[in-house]
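All chains should be modelled from the sequences, with the hints used to inform the complete structure.
Per UniProt numbering, numbering through the sequence shown is continuous, rising by one, with the last residue being 461.
Don't take every hint at face value.
Unchecked claim - List time: in silico DSSO-like cross-link candidates among lysine-lysine, alpha-carbon distance up to 30 Å: (1) K347 - K407; (2) K78 - K174; (3) K16 - K407; (4) K407 - K78; (5) K268 - K246; (6) K445 - K457; (7) K407 - K189; (8) K347 - K457; (9) K347 - K445.
For the record, the hints were derived by calculation from the structure and aren't laboratory data. Bear in mind the structure is a predicted one, so any value in this text is a computation, not a measurement.
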Amino acid sequence: MQSSQELDILQVTLNKAIDAIREELLTHNLPSLTTSAHTPHPLDDPHFIASPRLFEARKQALGSMGQLQNLLQVPFEKVLEQSLAIYDTACMDIVIRTGVLDMISDHPSTGCSITDISSALSLDPRKLTTILRYLAAQGWLLEKSQDNFCLSRAGLELRWGQNGRIWALTPRTKVAGSLFAMVTHSEWKMSSSPLHTAFQLAFETDLPVFEYLQQYPLDMEQWSGSVRAFGNFHQRALMEDYPWEKLTPGRFVDCGGGQGYLSVLLAKRFHNSSFVIQDLPEMVPIAHKNILRDPAAASIVHEGRLLVEGHDFFQPQPRAADVYIFKHIMHDWPDSACVTMLENVVKAGVFNPNARILIIDFVAFPSTYQTESEQDNSLERLNGSTNYDQPISPPMFMPANFGAASKAPLALGVHMLGLFNACERTLPEWESLIAAAGLVVENVKALRANTSVIECKVDPS
Numbered sequence: 001m002q003s004s005q006e007l008d009i010l011q012v013t014l015n016k017a018i019d020a021i022r023e024e025l026l027t028h029n030l031p032s033l034t035t036s037a038h039t040p041h042p043l044d045d046p047h048f049i050a051s052p053r054l055f056e057a058r059k060q061a062l063g064s065m066g067q068l069q070n071l072l073q074v075p076f077e078k079v080l081e082q083s084l085a086i087y088d089t090a091c092m093d094i095v096i097r098t099g100v101l102d103m104i105s106d107h108p109s110t111g112c113s114i115t116d117i118s119s120a121l122s123l124d125p126r127k128l129t130t131i132l133r134y135l136a137a138q139g140w141l142l143e144k145s146q147d148n149f150c151l152s153r154a155g156l157e158l159r160w161g162q163n164g165r166i167w168a169l170t171p172r173t174k175v176a177g178s179l180f181a182m183v184t185h186s187e188w189k190m191s192s193s194p195l196h197t198a199f200q201l202a203f204e205t206d207l208p209v210f211e212y213l214q215q216y217p218l219d220m221e222q223w224s225g226s227v228r229a230f231g232n233f234h235q236r237a238l239m240e241d242y243p244w245e246k247l248t249p250g251r252f253v254d255c256g257g258g259q260g261y262l263s264v265l266l267a268k269r270f271h272n273s274s275f276v277i278q279d280l281p282e283m284v285p286i287a288h289k290n291i292l293r294d295p296a297a298a299s300i301v302h303e304g305r306l307l308v309e310g311h312d313f314f315q316p317q318p319r320a321a322d323v324y325i326f327k328h329i330m331h332d333w334p335d336s337a338c339v340t341m342l343e344n345v346v347k348a349g350v351f352n353p354n355a356r357i358l359i360i361d362f363v364a365f366p367s368t369y370q371t372e373s374e375q376d377n378s379l380e381r382l383n384g385s386t387n388y389d390q391p392i393s394p395p396m397f398m399p400a401n402f403g404a405a406s407k408a409p410l411a412l413g414v415h416m417l418g419l420f421n422a423c424e425r426t427l428p429e430w431e432s433l434i435a436a437a438g439l440v441v442e443n444v445k446a447l448r449a450n451t452s453v454i455e456c457k458v459d460p461s
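In structure tokens, the structure reads:
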């Protein structure tokens, strides 16, 4: 198909998506979108959940813009942009850690001049201008007038206490810098061991990630904070889109439950069920502290319906339950380790053969795309829908994973590779892994987030 037709089709796809977004904003009485807002848009609130049509339209719009950029950008310019992308993180890190971002945040309407910032924080104005202008080009800042900057709507997510800031403060550049050495290592390059990763090379250690972090409590706390921030980003969709009530009343074990946010929410909703949060022994006091900070959660603990305990998932599961949850755990491990964790549940003496295992994780799609017309994917079929049943199919010239719209989870997959020798998995890869543990996939429930719920049960055969 000629490139002019590709351009035309992508334009139509983008226009349809933007029209749907505009209509959904009006239907749900949401304010207009603007990059210059001084307060976050309701869409940016982790507790807000978009309508099914709005969620899919945003995904389609972002995917279309990514495909249009690939089509229109000069290839050499794209090479320059990609090769210099390491400075994206470096510049963001600088403005957060030096206090520049906090100072700008304190002046949302007027912004701050380079002169004032450099004087207050003892920074070189020439260097600062170079960094801030680069971040403004990426949409984190707005240059209100020459050399005067304020936060953009996206930049508000980097303020103190926001999930984005917590995530951004967890270091990753050393691991990324050692990824080449990992994939070309003469002894490791074919290994799937979590001891043969960029992390070991970057930090010059023989220890796996979690054992290494146990030596540094502050780093462990920062790590757990970033995991919590990532979980917060998906929490509302997980609570709204998955039919938890069909599993109640019951006994739940939240394997790798971290600070307990999911179990606390479920325990508050389902008074007829009990919950055990399991994680590394080092995480237990952190989880206890977090839970007891919430009076309602503390009351559930005193009722005996909520418990936190240490457990090694490479040992047999000690708890009998109706539901075992692995939320964002499997993407931290290579296949062999995931099979072992699942087998330690299924083969434990306490296991109920009617129990369900829920794997809550990203289900990856390939980057293949169609160049011939098929049935309309139609955002219109979602008009007025409140229940999210399944994602729309990608239109022509759109990758199956919606391209640029899936960049964040795909990038996370690369990071998991560097940390743990792990990866994100397609549905066939999940099915193969699950079958190796003696289980079958009963159902896959997509959510309005970059994650799905894979329901597993014992293979009856």
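Each hint tested on the structure:
For the hint linking K347 to K407, the alpha-carbon distance of about 37 Å lies beyond 30 Å, and the restraint is violated. Between the alpha carbons of K78 and K174 the distance comes to roughly 24 Å, so the proposed pair stays at or under 30 Å and holds. For a cut-off of 30 Å, the pair hint linking K16 to K407 stands: about 22 Å separates their Cα positions. About 16 Å separates the Cα atoms of K407 and K78, which keeps this hinted pair within 30 Å; it holds.
Note on K268 and K246: the hinted pairing holds, with a Cα-Cα distance of about 16 Å set against a maximum of 30 Å. Distance check on the hinted pair: K445 and K457 sit about 15 Å apart at the alpha-carbon level, within 30 Å; holds. Restraint check: the Cα-Cα separation between K407 and K189 comes to about 25 Å, which is no more than 30 Å; the hinted pair holds. In summary, the hint linking K347 to K457 is supported, as the alpha carbons are separated by about 13 Å, within the 30 Å threshold.
Restraint check for K347 and K445: the C-alpha separation of about 26 Å stays at or below 30 Å, so the hint holds.
When the structure is compared with the earlier hints, a violation turns up for hint 1 alone.
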